[in-house]
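Residue numbers (the working numbering), protein chains in the order written: chain A, 1 to 597; chain B, 1 to 597.
Don't read these hints as lab results, they were simulated from the structure.
Hints are supplied without guarantee of correctness; some may be wrong.
If we take Cβ atoms under 10 Å as the criterion, some of the chain A residues that face chain B in the derived model are [said to hold, decoys possible]:
#1 V208
#2 A396
#3 L399
#4 G409
#5 A418
#6 G426
#7 V450
#8 F533
#9 Y550
#10 A562
#11 S574
Glycine is no exception: its CB is placed at the ideal position from the N, C-alpha and C atoms.
There are 2 protein chains.
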Amino acid sequence: MSNYIWVPIGVGLLTVLFAVYLANFVLRKDTGTPAMQKVADAIFKGAMAFLNRQYRTIAILAVLAAIVVGAVLALLGQGDSALKWNLAWHTSVAFLIGAFCSGLSGYIGMYVAVKSNSRTASAATRSLGEALMVSLRGGAVSGFLVVALSLLGVSIVFLSYAGGPAGLTDPATVALTPSLIVGFGFGASFVALFAQLGGGIYTKAADVGADLVGKVEANIPEDDPRNPAVIADLVGDNVGDCAGRGADLFESTAAENIGAMILGVALFSSTHNIGWILFPLVVRAFGLIASAIGLMYVRPSVVVEPDKAAGRDPGEIAMTQLSIGYIITCVISVVGVFLGSYLLLSGHGVSGSDGIPAWVWFGLAGTTGIVLSIAFVYITQYYTAGTWRPVREIAAATLTGPATTIITGIAVGFECVALPVLAICGALGLSFFLGSQVNIVIPPSINPGVINVGGIFGTAVATMGMLMSCAYILAMDTFGPITDNAGGITEMGGQAESVRDITDALDGVGNTTKALTKGYGVASAALAAFLLFSAYLDVLYSYKHNAAVYRVDLADISVFIAALIGITLMFFFSALAIRAVGAAAKRMIEEVRRQFR
Amino acid sequence: MSNYIWVPIGVGLLTVLFAVYLANFVLRKDTGTPAMQKVADAIFKGAMAFLNRQYRTIAILAVLAAIVVGAVLALLGQGDSALKWNLAWHTSVAFLIGAFCSGLSGYIGMYVAVKSNSRTASAATRSLGEALMVSLRGGAVSGFLVVALSLLGVSIVFLSYAGGPAGLTDPATVALTPSLIVGFGFGASFVALFAQLGGGIYTKAADVGADLVGKVEANIPEDDPRNPAVIADLVGDNVGDCAGRGADLFESTAAENIGAMILGVALFSSTHNIGWILFPLVVRAFGLIASAIGLMYVRPSVVVEPDKAAGRDPGEIAMTQLSIGYIITCVISVVGVFLGSYLLLSGHGVSGSDGIPAWVWFGLAGTTGIVLSIAFVYITQYYTAGTWRPVREIAAATLTGPATTIITGIAVGFECVALPVLAICGALGLSFFLGSQVNIVIPPSINPGVINVGGIFGTAVATMGMLMSCAYILAMDTFGPITDNAGGITEMGGQAESVRDITDALDGVGNTTKALTKGYGVASAALAAFLLFSAYLDVLYSYKHNAAVYRVDLADISVFIAALIGITLMFFFSALAIRAVGAAAKRMIEEVRRQFR
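Sequences and hints are given; from them, build the entire structure.
In structure tokens form, the structure reads like this:
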């Protein structure tokens with residue numbers, strides 16, 4: 001069974017080759033007229049300058065953090081000092097590897113993305129189909145690299161820390177190793193925190209600066225070359241949506257893999273089957289295959305060129321095709337999660353209720369997660385497409401001026417929390433129920449029996465299922481800034497109206513797919529919260545051997561106070577981030593005004 | 001001990017007489033020039049039209065709700081049908097009485113408030129001191145009536161449901177009665193929900209309408225008689241801040257009294273002392289006395305007239321005097337809460353740790369709540385006064401236009417959650433600790449012993465302490481719309497600049513005191529959340545006799561899902577309210593634009 005470790009490693013390496021193929025496909029394309037190249041160069045320089053500066057800071061801080069993490073683990077806490085040192089250095093090294101892999105995938109992905117924009121703009125002078133290919137595959141480089149490096153990183157660190165393939169046959173080593181690789185996820189989180197906040201704050205400040213001074217004060221159109229903030233705005237789209245979101249989902253996939261592996265330890269110890277620990281990695285590998293097939297479905301022939309559209313919206317047709325590619329990914333993922341459950345989730349003391357085998361129940365739990373990801377596609381479209389009530393309500397509010405526009409926008413923003421949360425809650429409850437139909441006999445020495453292990457693993461399988469399509473989703477996400485940039489390059493490069501029509505159509509699609517990824521990232525994190533929380537309690541139990549650790553009681557004053565503070569942190573961190581946007585936008589506006597004079 | 005029921009009833013009746021005295025003081029004053037009277041009449045008519053319309057709707061819905069509540073209690077649930085009918089009709093009747101008392105206090109309070117505005121404006125033609133007296137005492141009518149009617153209502157319903165004074169000597173009756181009066185709090189909540197949302201939505205819509213069309217589109221000053229939305233805006237200040245906030249705190253004081261009385265039942269059953277149940281009512285009565293003394297401290301002689309201010313800000317001096325009045329209220333309240341603890345909180349099996357008597361520990365817990373209310377005065381001033389960082393940051397952001405202003409405003413809005421929550425958490429933790437120093441021997445038949453009864457009662461005493469100053473706070477709150485209206489009447493009544501200076505100074509003070517009351521209302525509700533939650537668990541235990549009801553475990557999937565949904569509701573209800581503001585503002589703006597043409 002331990003040979004299954006080669007599945008994620010093999011698929012991960014193949015995926016890297018696939019990304020090389022996609023990058024090669026894009027970089028072979030021509031880069032357009034000299035005017036377009038000039039704009040693209042400015043964006044490239046800006047984006048790389050930002051990324052270099054940002055990663056330099058992150059690198060220094062990451063090294064410091066790795067030292068602090070190691071020192072805390074080595075010096076504090078209870079127990080044998082050799083064990084503590086062992087945990088400390090493994091965690092610190094994994095931390096640095098996680099941070100490095102996250103940074104590397106972000107760097108290469110964004111390099112290709114900012115090389116794809118002028119190529120997309122140039123392709124748009126020929127056809128919508130070609131422009132779609134260039135931008136989607138350019139985005140896919142980032143998407144597939146992120147997931148592949150996350151998977152390879154976790155798998156290889158796990159294999160090395162176990163001492164190679166031989167270690168995976170020793171039960172004591174296998175049970176210990178998942179908690180040694182936690183640092184990988186922590187390193188990825190560390191980079192994600194900075195990359196998301198840095199990129200996000202930059203992009204919003206540039207956006208506000210460009211729009212407020214350009215559109216409102218100077219009354220010139222979007223992406224007008226006279227507006228000095230326009231390049232910054234185009235750079236911002238890349239560093240926010242491509243690098244930031246990539247780091248976010250790198251972290252999600254890594255942390256959720258590791259969390260599920262830790263949950264698997266108790267099940268491994270009871271069932272004597274390492275499959276419970278390897279399951280997340282194998283399923284993720286299947287997801288990469290599914291995403292690649294879904295991506296390859298999208299070909300120039302599936303879209304309709306604007307001049308042959310006969311009144312239909314070519315952008316809407318392209319969006320539909322991307323959605324079909326996504327559905328294909330999901331259908332293959334369903335097969336993958338059932339297959340993974342069948343191959344890996346069995347062993348001593350495992351039985352399903354109603355005579356249905358355990359792998360079917362877990363396969364259904366995984367399918368719940370996959371269906372949730374599809375639900376998010378529709379919920380996002382409902383809240384971001386102009387055909388539905390929310391956007392129309394905001395549009396109607398603009399007739400009575402900025403105040404009602406902002407009020408209505410905030411109302412819709414607050415409202416759009418509800419449906420996703422209900423969907424997540426439904427998926428959590430259902431996958432818990434499905435998982436709890438599997439009975440797993442666990443000796444009291446391993447787990448006190450106060451929690452429903454099958455149910456909790458069911459939610460973990462649902463999270464794995466949801467994240468199977470991660471590479472495809474990220475490809476669509478980075479597709480967003482590429483098409484947005486292509487629009488800017490077309491506009492500033494002085495291209496014909498017909499070319500602009502093509503980039504506009506793609507840009508519209510990109511706005512929806514970008515919004516989709518945000519929802520997907522949040523949903524997978526929310527779904528994973530229960531699994532990570534449960535994994536934390538499992539680890540705590542393994543130290544304390546006291547069933548009371550599983551009791552987190554809101555009727556207890558300290559938990560009540562902690563919950564109050566926790567809810568407040570949501571507002572407090574939002575305040576810090578929004579405030580930083582305000583301060584950066586202020587500087588931006590002052591600089592743009594200065595240049596305008 | 002049961003004779004202490006006459007303390008809240010006696011003090012409540014005296015407070016009603018005090019409110020009559022204050023109303024008489026205000027209504028005797030002259031109403032200014034015919035021009036001022038004309039504006040004041042328009043505000044009066046608008047406010048009364050709104051209130052009549054609103055209360056008519058609320059009355060119909062309240063009767064329906066009372067029937068539904070009664071029917072649900074009578075028909076559903078388990079147990080003896082006679083007991084269920086008994087609970088049902090008591091609850092329905094208490095519901096209607098609670099709703100009626102809340103409505104009555106709101107109605108009379110607002111009547112006096114909208115009669116005070118022109119009298120304040122007229123007094124401002126003579127002196128700041130007189131204007132302060134008229135506006136503060138006009139506001140105090142509302143403040144004292146709200147608290148007095150809430151206290152009288154709970155006390156008299158409790159006494160009647162117990163079958164009169166004789167019933168209070170029968171342990172079985174005493175133990176049952178607190179759960180029969182829950183409907184009173186529910187009725188008050190019902191009115192508060194509608195009054196706050198109705199008033200709040202109206203006032204914000206009118207505000208946006210008046211400012212956007214008047215100030216921004218037509219470029220005329222605030223409170224300009226040419227702006228048709230100005231009267232609506234002035235009406236809105238009354239229905240939002242006076243009627244809405246009054247109903248809010250009527251509900252808070254009633255619900256928290258009842259919740260604490262229910263918590264007291266277990267302690268009564270163990271200690272054979274009804275003082276544990278009567279304590280909240282007696283302490284509230286002491287609070288009314290303290291508030292009245294604090295209010296009477298504020299006299300014309302304590303402020304400085306603008307022409308004698310010699311460069312100092314007369315508004316700031318007036319604010320300081322209101323703060324001194326508040327501190328006086330608080331100091332007397334501290335005495336009151338110690339006295340109440342000494343007189344009422346004793347009995348069989350009660351002892352304090354470290355040899356310190358129980359009443360001292362509970363007195364300290366009550367003092368914690370009082371100190372929290374003072375902390376809120378300073379936190380509110382920090383976030384609303386122009387001398388500190390938050391307001392200055394927003395002011396600086398206006399230099400770079402509306403976008404940065406809104407961004408910074410939202411950031412400060414999100415940020416200002418943190419300090420209050422930390423203060424509340426500190427008070428909760430400290431009062432729980434102080435209360436837990438009291439050991440109360442409770443037989444397992446009454447309480448399973450899994451919770452710390454003394455600690456929970458400590459948080460209840462802190463909540464009681466915080467709410468002792470409620471009448472004073474509400475007086476300052478209604479002072480806000482009265483001075484705001486007086487400013488509008490002065491402006492539209494064509495008064496001299498010097499008069500406007502006085503109303504401006506008072507208006508500035510009123511803006512701070514209005515903000516303060518919002519914080520106070522939220523803080524007391526948050527502080528009470530733990531007490532109400534614990535009271536709910538106590539009632540649940542009295543039905544189920546199963547210690548598991550006290551376990552609300554976040555590691556349990558159903559609690560986890562419920563928590564997710566609970567947090568979402570916060571955003572969802574905000575969305576509904578904000579959306580209603582947007583829709584109402586839209587109609588308002590369209591109407592104002594139509595009249596301008």
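Worksheet entry | Non-conforming hints, listed in increasing numerical order | Failing hints: none at all.
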